[in-house]
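**Q** Heads up: the protein sequence lines correspond to chains B and G, in order. Heads up: the first sequence begins at 1 in the working numbering, then just goes up one per residue. Heads up: the second sequence begins at 1 in the working numbering, then just goes up one per residue.
Since the hints were derived computationally from the structure, they do not count as laboratory data. Treat the numbers as computed from the prediction; the structure is a model and nothing was measured.
Chain B stretches covered by chain G per the calculated footprint, using a threshold of three residues with CB under 8 Å from any CB of chain G:
hint : region
1    : 34–46
2    : 90–103
3    : 203–214
Idealized CB from N, CA, C, for every residue including glycine.
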Amino acid sequence: MHLKLPALAAACTGLFGLAVVFAFFYAPADADQGLSQRIFYFHVPLALTSYACFGWGAWKALKYLRGRDERADLESYVAIHQGVIFGALTLLTGSIWARISWGVWWSWGEDELVLFLVLFLFYCAYFMLRFSVDPGPARANMSAVYALFGVVLIPVSFLAIRLSKQFIHPVVFKLQGPQMTGAQFFTFCVCLAAMLTLFATMYAIELAGKRLDCSLRELKELLS
Amino acid sequence: MTQSEKYTAAAYLVVFLGVLVYVVIIGSKLQRLQRQVEQLVELVKDKRTDG
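Model the full assembly from the supplied sequences, consistent with the hints where possible.
**A** The structure is reproduced here in structure tokens:
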């Protein structure tokens with residue numbers, strides 16, 4: 001753990017530096033959207049990372065329900081917390097992109113936007129549920145079941161972009177492959193790697209802090 | 001600076017500010033943990049002198 005965290009933080013910093021350089025100086029400008037298309041290099045990896053966080057949180061929730069291991073409950077909570085942060089950033093960057101491309105900050109008529117918002121709000125409610133119950137097995141059980149239900153919304157949100165009737169939201173990844181040049185796809189991959197490494201770093205830091213907090217509380221009880 | 005440039009810069013800035021706010025929150029939590037550790041050290045010292 002002591003070696004892993006600095007290595008992750010260093011990799012994250014390096015990858016983010018590369019991601020910005022590639023997004024602005026290496027990837028060619030989009031013929032239709034121009035400069036604003038470069039928001040895509042952060043917006044889509046943010047959305048995919050939030051899905052990964054929620055998926056990881058659900059996996060840990062399943063692990064908790066199978067083994068009743070308190071560590072898995074804490075890991076599930078931290079992953080979902082990260083997912084909400086990445087989700088909020090996805091909504092903010094998407095809204096800025098919508099303002100340039102569509103002329104509006106938000107469109108209630110777009111299925112993919114509304115479904116992502118539903119997913120985001122569903123996981124925001126996770127915290128209300130979790131903190132409305134006293135710590136213990138009951139809280140951990142409820143949180144785990146809720147996290148598992150939420151993961152069902154991920155494929156719905158992901159597929160909504162493809163099923164959307166209006167087809168205004170750009171669909172870049174099709175069955176035929178990514179609809180972009182090699183340089184654009186490579187830049188996207190670097191940005192996705194940077195975002196996933198950021199998640200791994202933030203997850204490790206927050207988890208270490210929470211575990212330390214728990215250990216200190218136990219120690220305090222033992223000493224008092 | 002064109003509108004497109006302004007909005008693109010804003011989108012990237014939002015992400016960096018988000019991460020920065022997170023780092024500040026984690027930093028303040030670490031300071032709180034540090035204070036708790038110091039309190040516990042004092043508690044152990046007091047118990048030793050009492051014993």
